[in-house]
Each structure stands twice: as structure tokens, then as C-alpha cells.
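S.K.: Read off the chains here:
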Amino acid sequence: MTLLQFRPPPSTEDPESDTPNRRRPVTKADVMEAGYAALAAVVGAGLLRVVFGWTGVMGTAVTAYLLFLVAFYLLQRDGASDESAIDRLVTVAIWSAGCMVVALLVWMLGFLLIKGLPDLRPSFFTEDLKGHGPLNPGGGARAAIIGTFEQVGLATLVVVPIAVMTAIYLHELKGRLARPTRFIIDAMSGLPSIVAGLLVFTVWVESHGFSGVSGSAALVVLMLPTVTRTSEEILRTIPDSLREASLALGAPQWRVIVRVVLPTALAGLVTAVILGIARAVGETAPMLLTAFGSNNTNVNILHGPQSDLPLFAYSLIRLPSKAQNDRAWTGALVLVILVLVLFVTARLVSNLSQRKLGRGR
Amino acid sequence: MTPETLDDTPVRPETPLRGPDKVFRQLATAAAGVSFVIVGLTIFFLVDGSRAAFRSTGIINFFTRSVWQPSIGKFGAFGLLIGTIIIATIALIVAIPLAVAMALFINEYAPRVIRRPMTSIIDLLAALPSLLFGMWGKFALQDRMVPVAKWLSQHLSFLIFFRLTRPGVSLVESSMIAGFVVGIMIVPIITSVSRDVMAQVPREQCEGALALGGTRWGMIRSVILPFGRSGIVGATLLGFGRALGETIAVTLILASPVVKSNIHVLQAGAGTIAAQIADEFGTASTLERSALVAAGLALFLLTLVVNLAARSIVKRSSRLA
Amino acid sequence: MTAADTTPIPPSPRHAPGATTAPQTLRDAPPPGPGGDWGPPPPGPQDQPRGPGAVLAGGAQPATLEAVALSAWFGKRKVLERCSLRMEAQKVTALIGPSGCGKSTFLRILNRMHEVVPSAQIAGRVELDGVDIYGGSLSTTAVRTKIGMVFQKPNPFPAMTIGQNVLAGLKLSGTKSGVDLPALVEECLTKAGLWNEVKDRLNEGGQTLSGGQQQRLCIARALAVRPQVLLMDEPCSALDPISTRVVEETIVELADDITIVIVTHNMQQAARVSTQCAFFLVEDQGKPGRIIEAGDTRVMFEAPTDPRTFDYVTGRFG
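Taken in sequence, the protein lines are chains A, B and C. The numbering of the first sequence is my numbering, which starts it at 645 and goes up by one. The numbering of the second sequence is my numbering, which starts it at 102 and goes up by one. The numbering of the third sequence is my numbering, which starts it at 112 and goes up by one.
The hints are simulated quantities; they were obtained by calculation from the structure and are not laboratory data. Please note that the accuracy of each hint is not assured.
Claimed, not checked - In silico DSS-like pairs for lysine-lysine, Cα to Cα no more than 25 Å straight-line:
1) Lys774/A x Lys759/A
2) Lys966/A x Lys774/A
3) Lys282/C x Lys264/C
4) Lys361/B x Lys818/A
5) Lys310/C x Lys264/C
6) Lys282/C x Lys123/B
7) Lys264/C x Lys202/C
8) Lys416/B x Lys818/A
9) Lys818/A x Lys966/A
10) Lys282/C x Lys310/C
11) Lys398/C x Lys818/A
12) Lys361/B x Lys251/B
13) Lys398/C x Lys202/C
14) Lys287/C x Lys264/C
15) Lys123/B x Lys287/C
Use the sequences and the hints to build the structure in full.
M.R.: Below is the structure:
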């Protein structure tokens, strides 16, 4: 899973100001809209039918109807009426694309829920896999959960200061090495995650063995460019007038940054970090070569192979037995829930801060 | 600025860095230096780690042959390289129409009320772990794709890559399915960069096209897409770079990578560098590990070139805006 | 201020017909009362008992600022040509002239803000009570605490409450005030004419204030570090007329304790608040600005020496 991020975290972007709404409010025949909506629904449902390999009418019809309702309602709310037939066709196609993406996401998460929920019991969090082979039901992901928290936690602790200070170097201090640094960060951000694992392996693991901390190191390599770049974009949004006001009060530059710029940027930076964490918890490939995984709970991050949620799910899903696979699904579900929680938290943080700063203006 | 000079020579006022300012600047410079160190280490250790394999099998052979025999020390990653590129290309073919349509949908078509949720959905897709995509692709999608593959192999077999080498060959664990899943994974990247580029079109030009009595699609076709073309190309390259490096989703779907290149994308039997590394590393001998590192080096250089090209294209297109 | 200064100024016979008469300074105006010319007065400094002057005078005596042959460049482009000006202590000096003549640049050289721009260069000298601020005996940050600045667009710190904003300068400059902090907050807000309006909400953010209130907050913030000079760069140009008036009253009140230099576009404002004036002008497109004439405000407006000054103050160009 790449950690590529190309814009400020979603929360700092306002779709309303981001793109001018070029739609003209034009009235049009309801029939037209119903037709478009129906077409979009049928196309979307038809595609799903082919892919699903559905037989019978029931599933397709229900899906088509639901899609139609949604599309028709939305088209009604915000009309679109254009002359040529091609334009209508394109509208239908684009709406279908939108419906398809949503449907795919719903399918993925729904499938995960269905496969993973049954085994989700409290013991899943309190037991590890020791002694729970394919024939021995029960067991849990305790080792994996502890591993994820330790590895990602350590990586975050290391990444945040370095990334923020690098962003400060680039934007606030405008150091002489700024251009080469940006180039290097661009180069790093495309690094395939498996290569990050290879790097840590050849540098450290080869001579010192698998360990959780080497997994953290790989995560650092992967998180650093994204968090740095997003942090720099956040700093860019702080108006220069604040820096000027601070300087005029007699502040040395470091106090301008630490006392004024960073506190003002705090919400944005927190959001950027949380999103970086959300991507890091899902990284599997580099961990194969560094933390390696284990059935036993290893609390010592510095020594010995350590499990984490992605490794847990990955290794179990590749085994042939169904019981193992079921555990994998539950582990993946816990992982995705974790990602969702982080994602929502990031959103909340940025919404709260926007409301706080936007008051009174 | 000495008091004696009252002549009119411009002088830059001196502000020597004192105490905490100096330390702060040094810390920040050190932080920036960390990135240099990491990239330097990467290049050095990857090259160093590959030397054993190159010595054993020859550099030229490594990049032109398709063989993987650790016992006799013969390694050739050509087939893996081709496989990586094939799957990434399939991913692009799947992703580009979907992503550009999504970008247009969010920017131009979606009513205000669903713009924010749609943007969140795209961002969520970007945040979901590739493990999920791989597991879903293998257990939910794969079997459903088989009828599609069968249809393609029967009706479009004039295209060489849709042909099957023999009639009853297995249609799961194919490049096609892996490419499809990776394609969905790279949609968010292409969508968000394309959106940013397309949003920079000057409003007057768009409204001008509409005011002349044009349709929305006409405006998009004549104003937005030409304007955003290079940016979308850059976005596509970024997605391509991402697809080249994808490991886990591909590994899960391909089940066991195949070293020989295979242009018949509908049938089983494909391999990528990343999948090979992920699969073989655990059980590899020292020499084989060196070969895997060498393959990783090749992948690194390939994605590096693609990414840097993509970024410069995107930067140039947004500068033109 | 002599007695002669308080008499209303009759229009000069030298003024061209139709030109505006020299406006009265604020010091001459009758205090606004209910139903007075300016409507009900907002709570201003004159309604507040002045805090003990000793609190503010903790070492900060108003000082004289003198610029000697000041020239300024941005890279190769020269923007100021040998400007000399003496800004007297406890007086308000206005820098007037059409836009683009380098008034703001001149102002920013006075507190070493000009050099924040990487390509900025200067020649000449600036002396604060005889000490060259570019000489090295004072650090840049010390200069800026002694010579404060209020900007055109109010810029309170968004991550701080109103109370924290006032005290921000102390934290930022590292000054240990040794003074009861709440008393300092009250005193500075009072001097800025804002205390009554915010005394119950010192813990709220500054974003809820109106533009004029925010600007007064910035003034209070600048005052808290006890500067000897206060520079103001068109402080009222972003404000509505009522807020402008309150800020002008504040300036007049402050002048007793602190030297003020104000850049203003608005001649009438200059005439209202200042006692000294300097007229900046650019002779030609692309040429650097220079001080054409400087002196007593009344003299500048009634009997300027230079014909270009006369043209400007009578509104022939602007």
C-alpha cells in the first residue's frame, strides 16, 4: 500500500471553494431525468451482474432499482439539461462511473464484514495464535495488535519530528538545500514498499535478525516523504502576516515558528500525521522482510520476530485451511476498522479546527 | 553598517544567527539531511547487495533472461520485469477511464451535496490497505471475473493477449485479474491529481464555452480536457509508478509468481518483481536473496524514473495554469 | 503643545478655490457627546481613568528616531533615495504621499523589518536616541521590541485568546516583564481603547472581534512590550470610519508616552493626528522615492515650501 499523498489531507480542502460550481440551474422535463437515472442504473447494475455472475433477475433488479432511486433523486435536486444526445450519454456514463466506484467500495467493505464479523469475539483481542493451529479453533490476534501498535507507534514518534522539521527547513527557513531536498523527497515518495523492506533487511536484519524495530524503520522510510510533503503544504497555508507580526514584536525566528506558526498549523499537522499513520498500519510488504511475523506475543520490539495485523492476515490467508482463513478475515476487519477510526478522527480534527478558526470572519 | 559610511552603497544588514536560532537551523538542516541519508543508503545497499547475484549470473544475463534457478545460481529477471509492466499497464487501462470520469464527476457533475462524500470515498480508497484489495480480489472478485475472461478469450481472440495457449487453461491467478485489482487501487491517485489540475482551468474560459450555447460535455471536451491534458498525463504516470511497485495485492492474486514472461493476460501464470521478492524471500538462500535484491534494485530504478518524470510533468502543468 | 496650537485653523487665502480647508486636529475638536457631530461615542480612552503612568514607564521613555540619508533597494531596484528625517520624541510624525513612493519601505527600515525580504539592502543610518540600530550594539530583536509596529491589515494570532494576544509580545521576545500580567493586559487594552469591549471575554479567540477591534488589539499587543517608538503602516485603511476615528483618538492619546510614526494615505488623517509631517514622492516612473519636504504639519498644509507638496495637499493629485 503506497503512502503517496498528493494533496493536503482531505479535510483542508473545501470542495466548494476548490472548484467553481459551473452548473447552470436549468429546469428540465422530469422524464428526461428519469431516463438518465434509469440508464445509469441499468448500466451500473448490468456491469455488476456480469462481474458478479448473477443468475436470475432478483439481485440485478433490486440493485438497478436502488441505483435508479439514488441517481434520479440527485439529478432532480440539481438539474442538468443539455442539448445534444452525446452530452446526455456522457452524463450517464460519468454518473455510472460514480455509482460503480461507490458500489465497489461497498462491495469490498461488505464482503470484509461478512467474512470477518463471525469470528470477532473479545477473545480475538486477548489470545494469540500459540497453540491454535488449523484444527484448533479460537485464538486471536493479540500478538498482532500489540505488534501493530508498537511498530507504528515507534515509527510515528521518529517520523513526526523529522518530517515537521524538514517541512520547516523547506518553507520557514528556506534553506539553501531546499531544492535538492524537495527532489530527494519526491524520489523517496515513489519507493515501492517492498524495496523499503529490502533496504532495512540489507542494512540491519541480515546481520541482526528479524525484529519489530526494523519494521518500524521500514515504516519510517515510507511515511517520511508523505508526512513531510503534507506538512509543508500545511505550513504554506499559514498567512505571512502572522510571521510578520511576530517578527515585529521582537521575536527571533525560532520563536516565530515554535510559538506562532506551529500552534496555528497544529490541527492541519495532526491531520496529516493521523493520515500517515492510517496508511502505515496497513503496510504488509516491508514487514515480511523485517518484522517477519510470529504466532507468539512478542512485546519486545527490539528483539525477535514480531507479528502485526497485516502480517497476521496475510500469512493466515495464504494457508489452505478455512479456519485459518477465517481468522485472517477477522484480522483484516480489525485492521480496516482501525484505519476507518483514524480516518474519521482526522476528519473530525480538521472540521473542529476549521470551525474554530472560521468563527467571526 | 558602519556609522562612517554615508555614501550610497547598498549593504545587506547583518543579522548573525545567535544562540537558539543557530541551533534551530542546525536541527532543521539535520532533519532535511535524513532524507538524503536514506536515499543514499538505499542506493548503496541495494547495489552492494546485488553484487553476489550479478557475479554469479552476469549483469546482462540478469536483465535479459527469464530464469530462476537458485541451485545453480542462474537468475534472469527479464520475465518478471515484463510481468510487472504488463500488470501495471492493465491497471492503467482499467484505472484511467474510471479515474478521469470520477474526477469529472466530482468537479463538474456531482451536486454539491454529494461532492464532499465522494471526495471522502476517494480518499478512503487511498487509505485502505492493499491487503484488503488483495483479499477481496482473490476471494470475491476472481471467480466472478472468470466468465468475463472466458468471454474475452472467445470473442476478442484476434488480439494476441486475449488468446489462450490451450483450451482448458485456468483463468484464475491471471495478470488480468491482478491488473484489474491494482487498477482500482490507483484510481484515487489519478483522480485527485487530475481534479487539482482540472480545477485550475480559468473560469472565464469555461463560462465562455457555455455561454456560446455549448453543452457541458462540449465545454469539458473543448476547454477542460485540453487544458488539463498534461496534468492528467502526469497523474497517469504517478499511478503507473504506484502500480509498478504494488506487492501484496498482486502476490495474493497470482498465488505463485511465474518467472517467464507471459503476454496471455487472461490465463494463469504471471509474475512481478515485487511479488517474487515477497514470495521467495523467506525461504531464499544467500545467493537467491542477492538476486532478489538485484531485482528490487531494478524495480527501484524503474519506479524512480517514472515518478520523477511524472512529478515534473505535473509541476510543469500546474505552473502553466 | 502650545496654546497657539489649540486654536482652530482658519482656511488659508493661498488655497485654491474649491480646495478642502485644512481640517482641525483631533486635539482641537470638542469631545463628542450624545447627539454630537459624530454620534454616540464608542467607549474610548477618554472614558477610562488612565492607569498609573508608572506601569508603562518601566524603563520605556519615548525616544527620538532619526533617519540619516536612508536609501533602500530590493535587489537592483532602488526604491528610496537618501531620505533624512527626524522623528521627535512624544510627537506623532506622519509620512504622507501618493502610493508607491516608498513610505512603507521607509517605515520598515526603521524597525529592521525591511531586511526580512532576502533581496533587501539599505544605505544610511537610523538612530534611536543616538544609537545606530544597524550598528550591532543592539540585536535585531532588541531593536524590534524598542520600535514596535502595527500593520495595515489587523493580524491577531488565531491560535491565542485575546488576553494571550496582548501578552504574546512578551513571550515572543523573551521579555520578562516582572509586572503583574493581568494588570498589564488591562493597561494595554485600555490604552488601545479596547478594554471595556473585551474585558469580559479575554479568554475568547480574537476572531470574534470586528476589524476595528482587532486593530486595537494589535495596538495593545504592540504596546505590551513597552516600545519607545510605535510605527503604524496605514493602520486605518482597512477599517470603517467609526473604527478609524477610535484608532485615531488612541494615537493621539498614546503620543504622550510613546513616539509615533504613521504612514497614511489620507491627508486629512495626517492633519488630524500628527504634528510633524514628511511628504514622499516619486519623481518619475521607476525612480526611487524621496522626501520632498518635511516639517510642522500645519505649515505643510498651509504654507508648504515645495510646489509639489502644495499640489498634493490641495488634492491636485493623489
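S.K.: Decide, hint by hint, whether the structure agrees.
M.R.: To see whether the hints hold, each was checked on the structure:
no., hint, in the structure
1, Lys774/A x Lys759/A, "holds (23 Å)"
2, Lys966/A x Lys774/A, "holds (18 Å)"
3, Lys282/C x Lys264/C, "holds (22 Å)"
4, Lys361/B x Lys818/A, "violated (50 Å)"
5, Lys310/C x Lys264/C, "holds (23 Å)"
6, Lys282/C x Lys123/B, "holds (19 Å)"
7, Lys264/C x Lys202/C, "holds (24 Å)"
8, Lys416/B x Lys818/A, "holds (19 Å)"
9, Lys818/A x Lys966/A, "violated (57 Å)"
10, Lys282/C x Lys310/C, "holds (21 Å)"
11, Lys398/C x Lys818/A, "violated (31 Å)"
12, Lys361/B x Lys251/B, "holds (23 Å)"
13, Lys398/C x Lys202/C, "violated (31 Å)"
14, Lys287/C x Lys264/C, "violated (28 Å)"
15, Lys123/B x Lys287/C, "holds (22 Å)"
Consistency note: the structure conflicts with the earlier hints numbered 4, 9, 11, 13, 14.
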